[in-house]
Amino acid sequence: MIDTFGRTVADPQAVRDMSHEFVEKIFAAAQPGTVFSAPVISGDYTIITAGEVMAGGGFGFGYGSGSIPTPEQQGGEAGPAPTNQDGAGSGSGGGGGGSSGRPVAAIIIGPDGVKVEPVVDATKIALAAIGAWLSIALLLARRARATRS
Amino acid sequence: MATLIERRTTSGPPIVVGNVRATPQARAVIVRLPFGGFVWHRPTNVLIERDGRVESVPIDDVTRIAQVTLWASAVAVFLAVRWWWPNR
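If you read the protein sequences in the order shown, they are chains U and W. Position 9 of the first sequence, counted from 1, bears residue number 8 in numbering that gives the first Met the number 0, the numbering being contiguous throughout. Position 48 of the second sequence, counted from 1, bears residue number 47 in numbering that gives the first Met the number 0, the numbering being contiguous throughout.
Bear in mind the hints are in silico, worked out from the structure with no lab data behind them. A hint or two may mislead.
As the list claims (entries may be wrong) - Derived DEER-like restraints, expressed as beta-carbon distance ranges: (1) U:139 / W:53: 50 to 56 Å; (2) U:91 / W:28: 46 to 52 Å; (3) W:72 / U:24: 46 to 52 Å; (4) U:24 / W:76: 24 to 30 Å; (5) U:110 / W:12: 17 to 23 Å; (6) U:138 / W:32: 31 to 37 Å; (7) W:46 / U:64: 54 to 60 Å; (8) U:118 / W:7: 22 to 28 Å.
Unchecked claim - Derived list of chain W stretches under chain U, where covered just means 3 residues or more per stretch with a C-beta under 8 Å from a C-beta of chain U: (9) 16-29; (10) 34-42; (11) 52-60; (12) 66-73.
Using N, Cα and C, we set each Cβ at its ideal position, and we do this for glycine too.
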């Protein structure tokens, strides 16, 4: 029983180690190198791109153990004696995460000074516009229907 | 013990071109949870040093500003409709 418990403890430890490594990978997104690219030199101009990075994740694990009732406790006939393997605990865990990034601006350093040129994501803006106006249209239609009835 | 929510200002490598030295800066929001975490890291401004003068040029996220404006206007219209045109 102790061995079984020991194995049970060993597995969560391995999961903890793995999850620690996993969390460190998430927090690596806070390093400056993730936001700013390496400078690109083109003639007199040096260009750096700046982007937004989001990363997140989580994990969980669990285990359990219990004792198997003896045949006497079950009210049945006596069978083979329980072994150490009976009532052994088991556990498992899992986790998930993800990250996303998108360009925000280009920093251009040249003979005429430093310029910050924004990067406009037209698709995201169009989707936001469609969503916003669709929700307003649905609201107005619902109100108009409620007024008529 | 690390704090639950941390705000950190980070700096990229300084770029020197002629007499101009540009240092990009960013801000990271780190949420540490017992079983996970979240990081939001975005550029904020560029520090420009020229002839002993330091100037800060903001990095505006035009896409995010447009998205927030659109959704804020939708919420404003929703509240206005509820206020001026109540359900009967």
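Outcome of the hint check:
As the Cβ distance of residue 139 (chain U) to residue 53 (chain W) is approximately 51 Å, the hint placing it in 50 to 56 Å holds. The beta-carbon spacing between residue 91 (chain U) and residue 28 (chain W), approximately 32 Å, falls outside the hinted interval of 46 to 52 Å. Remark: the range hint 46 to 52 Å for residue 72 (chain W) to residue 24 (chain U) is contradicted by a beta-carbon distance near 38 Å. Separation of residue 24 (chain U) from residue 76 (chain W) is about 42 Å and departs from the stated range, judged on CB atoms against 24 to 30 Å.
Restraint check, residue 110 (chain U) to residue 12 (chain W): a C-beta distance of roughly 21 Å satisfies the suggested window 17 to 23 Å. In this structure the hint that residue 138 (chain U) and residue 32 (chain W) lie 31 to 37 Å apart at CB holds, the actual value being about 36 Å. At roughly 58 Å, the beta carbons of residue 46 (chain W) and residue 64 (chain U) sit within the given window of 54 to 60 Å. The given range of 22 to 28 Å is respected by residue 118 (chain U) and residue 7 (chain W), whose C-beta atoms sit roughly 24 Å from each other.
Look at the stretch 16-29 of chain W against chain U: 8 of its residues bring a Cβ nearer than 8 Å to a Cβ of that chain, three or more, so the hint holds. Counting residues of the stretch 34-42 of chain W whose CB lies closer than 8 Å to any CB of chain U gives 9, so the stated coverage by that chain holds, three being the minimum. For a cut-off of 8 Å, the count of residues in the stretch 52-60 of chain W with a CB near a CB of chain U stands at 5, and the three-residue condition holds. Proximity of the stretch 66-73 of chain W to chain U, defined as three or more residues with a beta carbon under 8 Å from a beta carbon of that chain, is established by the 5 residues found.
The structure fails hints 2, 3, 4 (numbered hints given earlier, in ascending order).
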